[in-house]
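> Based on the provided sequences and hints, a complete structural model is requested.
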Amino acid sequence: MQSSIVAMVLAGGQGTRLGVLTDDIAKPAVPFGGKYRIIDFALSNCVNSGIYKVGVLTQYKPHKLNAHIGIGRPWDLDRKGGGVTVLQPYTYESGKAWFKGTADALYENLDYLDKTNPKYVLVLSGDHIYGMDYMDMLTFHISKHAKASCACMNVPLNETYRFGIMVTDISKRIVEFQEKPQHAKSTLASLGIYIFNWDYLREALIQDAKDESSSHDFGKDIIPKMVEDKDDLYAFEYEGYWRDVGTIYSYWESNLELIQSIPQLNLYNDSWRFYTRTEEMPPAFFGKESVCTNSLVSEGCEIHGVLNKSILFQGVQVGKGSIIKDSIILTGVKIGDGVEISNAVIAENSEIGSGTRIGVGDFAENEENPGVYNSQISVIGYNTNIPENAIIGKNCVIHSDVNQDSTDNWHVQSGRCIR
Amino acid sequence: MQSSIVAMVLAGGQGTRLGVLTDDIAKPAVPFGGKYRIIDFALSNCVNSGIYKVGVLTQYKPHKLNAHIGIGRPWDLDRKGGGVTVLQPYTYESGKAWFKGTADALYENLDYLDKTNPKYVLVLSGDHIYGMDYMDMLTFHISKHAKASCACMNVPLNETYRFGIMVTDISKRIVEFQEKPQHAKSTLASLGIYIFNWDYLREALIQDAKDESSSHDFGKDIIPKMVEDKDDLYAFEYEGYWRDVGTIYSYWESNLELIQSIPQLNLYNDSWRFYTRTEEMPPAFFGKESVCTNSLVSEGCEIHGVLNKSILFQGVQVGKGSIIKDSIILTGVKIGDGVEISNAVIAENSEIGSGTRIGVGDFAENEENPGVYNSQISVIGYNTNIPENAIIGKNCVIHSDVNQDSTDNWHVQSGRCIR
Amino acid sequence: MKVLGLIFAGGRGENLGLLTTKRASAALPVAGKYRMIDFTMSNMVASDIRRVGVLTQYSPRSLIDHLGSGKEWDLDRKHGGLALLQPYMAINNKYWYRGTGDAIHQNMTFLRRSDEDYVLMASGDHIYSFNYSDMFNYHFSKGADVTFLYKELDDTYNLSEYGQIETDEDGRVIQFVEKPSENVSNKAFLGIYFLNKHLLMDLLYNTIPQSEGYDILLDVLIPNLNKLRFYAYKFDGYWRNTKKGVDEYFKINMDLLNDEIRKQLFYTGNTVHTKLKDLPSPKCTGTAHVENSIVSDGCIISGRVINSIVSRGVQIKAGAVVENSIIMQDTVIEEGAHVKYSIFDKECNIRTEKRLIGRKDDLLVFEKGSVI
Amino acid sequence: MKVLGLIFAGGRGENLGLLTTKRASAALPVAGKYRMIDFTMSNMVASDIRRVGVLTQYSPRSLIDHLGSGKEWDLDRKHGGLALLQPYMAINNKYWYRGTGDAIHQNMTFLRRSDEDYVLMASGDHIYSFNYSDMFNYHFSKGADVTFLYKELDDTYNLSEYGQIETDEDGRVIQFVEKPSENVSNKAFLGIYFLNKHLLMDLLYNTIPQSEGYDILLDVLIPNLNKLRFYAYKFDGYWRNTKKGVDEYFKINMDLLNDEIRKQLFYTGNTVHTKLKDLPSPKCTGTAHVENSIVSDGCIISGRVINSIVSRGVQIKAGAVVENSIIMQDTVIEEGAHVKYSIFDKECNIRTEKRLIGRKDDLLVFEKGSVI
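Chains as they are written, first to last, in my numbering: chain A, 1 to 419; chain B, 1 to 419; chain C, 1 to 372; chain D, 1 to 372.
In case anyone wonders, no lab produced these hints; they're calculated from the structure.
Take the hints with a grain of salt, since some may be wrong.
What the hints assert, rightly or not - With a Cα cut of at most 20 Å, we get these calculated DMTMM-like pairs of lysine to aspartate or glutamate:
| hint | chain 1 | residue 1 | chain 2 | residue 2 |
| --- | --- | --- | --- | --- |
| 1 | A | 325 | D | 291 |
| 2 | D | 71 | C | 116 |
| 3 | D | 2 | B | 76 |
| 4 | C | 2 | C | 116 |
| 5 | A | 334 | D | 260 |
What follows is the structure in structure tokens.
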């Protein structure tokens, strides 16, 4: 059963609402949970479900993602027959363009699927955080004699407007699809996880490619068309943990959920491991003056300060007397002595000078992009260098590569941005 | 010394003059010499020279090439730090286009080179057949204190018009560059193999990218500019075997050169192996009625006929009473009984019905593309199915996927094409 | 259901004489590019077995080199994969393996730690192509405790050299006789067993520590023939056991010149994996003549080759004649030499004009590196 | 110049007591996520050594599991790479290794076949970070035949337990005394040698077959101290030898809480590679207190951890106190337990409210799987 299924992971997402975090990398490559990147969850779910043939469809700034996936060793996907294949757009004689939508990305790789010739195709997004056994879904799919199945989750009625909503009959057959409805007829939200019979999907992709009015997207075109055609499309109800870390706030919140004493997503579960590629570093060291509660502290960290409700990625240094709370500190960040940080996300390889305080003052609307930056959280970009004794308010943005000379005034008030 | 050099293999070539052989694959992926593909020679030269960091720049129809290179295992390039990296064009926020020329391809991958930060960069073409120790060239480069070196070979004066010609002073410093000259001042032809100091090349690439009048090509822009600027550019004289199998005739000829009793390119040399990825097949079997002279016969072949001056790739079957001479038969071709083939190239997975004769009659100009098909050689494309007792003349083309229903008249006269 | 594969590859194969002075019989080269163990390994991998333990003891180096990390069989995995199980010295354990049962017993930790529930045990020196799944299904359909694989031998085999099985109508084994002086059945046991891992562990715990014999078949399993449900599954394809001797080894190689057998082993069955050697395709020069023979990669043939198996990297010079012979890797037959009914191990050198003529019933065997 | 690495990892390390009942000392866990052999392996790889032979004998299973195909050290190569050299049974060779010299002698084929011209020999149970290239350059600059690595020991070492070297002004070794009752020098030999491969082979051929002793140092090399040019290169960094005993092992782990030593071993020197385990980052819950300690991946800490080394996958429950202790992989310290000056091997379980208080000079050691 398992060898008859191929997973296609859509990893082209730009993740614009993650602001500076996706300046240089695609959303699936964004770090998460101390040592992972977002795509690790989809890939680990595949191998834990016994799916060893995985195609990853990339497009937007794929270099970091390609380097991360590499030959697939961390996921045990470096296999002779199968394993992971990174599928990028490529040129034709006629000088063809980029993938137009998620369905187009698959259509352009028909030859990969034709060669593999699976019975079923699992289509996933590389953007989501969850642990799910796809074999349960496949069993459901087979038992329903479905042509396609869509994993769904019940969401609160007041959030239905954010999702594609599936209306089903008593047999779980999907009879109606509502895209981000004002008035939802159901609370079953699509999670962007599909299983298709390959012959059926193949035909659907070819039809869709011919349709010039289509935007070639699974959620917007393929699935609605299938519902419209009254094809055998079923909703598989999933009840576990699932997050689309689409915004800075949800990114911050989902990370901090991991430190609950009984987290919904248990990283420590032996029978459902998440795999990733990391630097080789020694275990975390806690100094004589360290105090650490409700936090994850990764390899290579050297902690001499106080941590609470924070996630520290690999190789983070925290100086004496520093206090970090409610924050996400990505790989390689160096924090001096006597620093205070709260409600912040600090991206890779930044340096925070001694005595600096981040996250102080009252909330104010972001001056640059209030659509993206709209919570208490301040975001510090990649490779920044914040001088000593700086003060940075709430909802601020320090763009990547900023250094002490980027501004004269390091008293950055809430809502301000530094480039 | 060796770990300070990175090889960049330009493998985007379309190879239009190879006709149907490059219909679906890039030129570097074209099969050669019984079990290899053209790019194997450049890759093997790299590892044999102790260069274990290799970037392969692809563009045109890269799928076969990507599958062939995979994680680089056959070349022992599946390495933790380094190994082979396939570099494809990718999308930017601004929606960037494809590589414009060979120099642009490198320019677009500055980040890969910056990250690797080598001392020297070896720039190669994936299109050529040769065995060369690049360390000899690097030693030359270093001893000359050169900024760039270009491997050159003496060619007969009457062929200089086909090459870029380097005019050197007594110290081998290049003082003039003539692109395909009518009246050559030297017989030193550039082989498209360059070593650059990385800092120097980096600057040159950045300058070139800004130059809107440039076609962004090494041979046409970068090197001439360097000569013009009187930079320290030296010519390394190479004396071994080197072939650009750019045309059908040179492809056919270079293959057959391998079966000379003392071939210039010795595949059987233990100290300079060529590596490739192949199907796993049992050794060749020669039946009771087989006669085989001056030929290479690969694994998985089952020979019941007569072979002379031919190269048989893997898994070729030759029926009883068939006679094959002066021909290249690619992987998986099935030849029935009593078939006669001479002066032909038959591409992968074709089937030739019993009693068929290929390469008979007199030469005639090709009706479709006399620029590409202009020798005695008939070319049969991929996955064709030629019926029994067909007759095919000289200089014919049978396009890929042709089957017996593609024409009513299987008496194909010289120079004709079947689609 | 997950199955653990165990391959017995520790024996020398005494009947093979010079061919096994420096290697175990499982490491013997065969069919030009393979070694005996490739067939069992490849059968296991094709049957979805993802963890294979190879029990080695006698001269294991060439076997270890050959198998490496298991890459070629895709067994270089994070979980599962290939384990080479050599005897080792521990605080309360300073024995070499005293038999197949003892070998497994000494590796009880390996069995215990693996997450497979069933075990397939097989010899590393047999040649056949088989998907064991058929045998597994038979095992469960019969509710068997232990399932044996057997074959009805024709008269090309010397039946009395094989363990023989008698079954009832249902296929249940009612008698087993090891190499009887008088044949009881033409059903020969092929040394391939399938059973529950925990049952196997239980049987070993109860036998080996207080046993005088250490054979998995005769001392551990067969004593329970009446207590447990032993079934036998019939194998119909080509199967041979190299260990029987030099003549058998020769016959196996010559059998591969038969179109039917070659097809069965290589083309219609499982892909046979082996260590890659990166050699070019063999070249026949202008004076070559090759007839009814197998010629491997890296060879350069200028002489006459008839009814022979030529391994990788062999050179047969102009005017040399090779008939009905097996030539192993990197051997050179010089100009004008004539060999017949001979087996040359690796890296031999047969000098110009040398004549080495054996007979079908009196084969000449030359050990590795012979210069004659 | 290519160098072959040979690592001695066959010894039990008797002084380590319960810690080495089921593993060789080279396989002993250290510093939370490593095993002793990781340091020497990583030093070799960082010194551009591309072929490493590991000589194993005593309980090699955990070592074999740990090293695997050498992937983590990038030694899973087609040419070169990692070779595990266990003793094996051959036609004229049925011995376990009788000493370090004999071990190499039994693997002469491995030496002969490798294309390296020099050999670096080192122990698998030492901890240090060193790029051997400096030693190689010294060797050639002195025109030495054999170069030893030595260190001037301070009084944190018991000098009399080490082999001592006397050198002349040029650095040439003029005397070597093994563990003398009266110290002759504070220059201790670190068990790391560099010499020409062919010289080594020659010395072994001339010694082992007719020798009564089988030690590479005392029986093969030292007898030639006057005949050959032995030089000694000085190592200045942190270096310790676990084999010396449980107290030394404890000291090594505690040393890692020193910022300077940790920096030297992990941050300024070579990357130390080890087997990956795919565990998440450790979690400190709301009741956790961690002070002057190392905590590895996969741990969940709710209790107090002070001056301790906590390996991967350990759980320390709320109210538990761990002081000055080493806790190996997957051990669980239940609520309210209090442990001090103790070493817990893997998979121990310390029950609720249990008190296990050792002393600095009287450490408590609990073997793998203890439930207390």
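> Please go over all the hints and tell whether each is borne out by the structure.
Comparing the hints with the structure gives:
no., hint, in the structure
1, 325/A <-> 291/D, "holds, 18 Å"
2, 71/D <-> 116/C, "violated, 25 Å"
3, 2/D <-> 76/B, "holds, 18 Å"
4, 2/C <-> 116/C, "holds, 5 Å"
5, 334/A <-> 260/D, "holds, 18 Å"
This entry does not satisfy hint 2, going by the numbered hints stated previously; all others are met.
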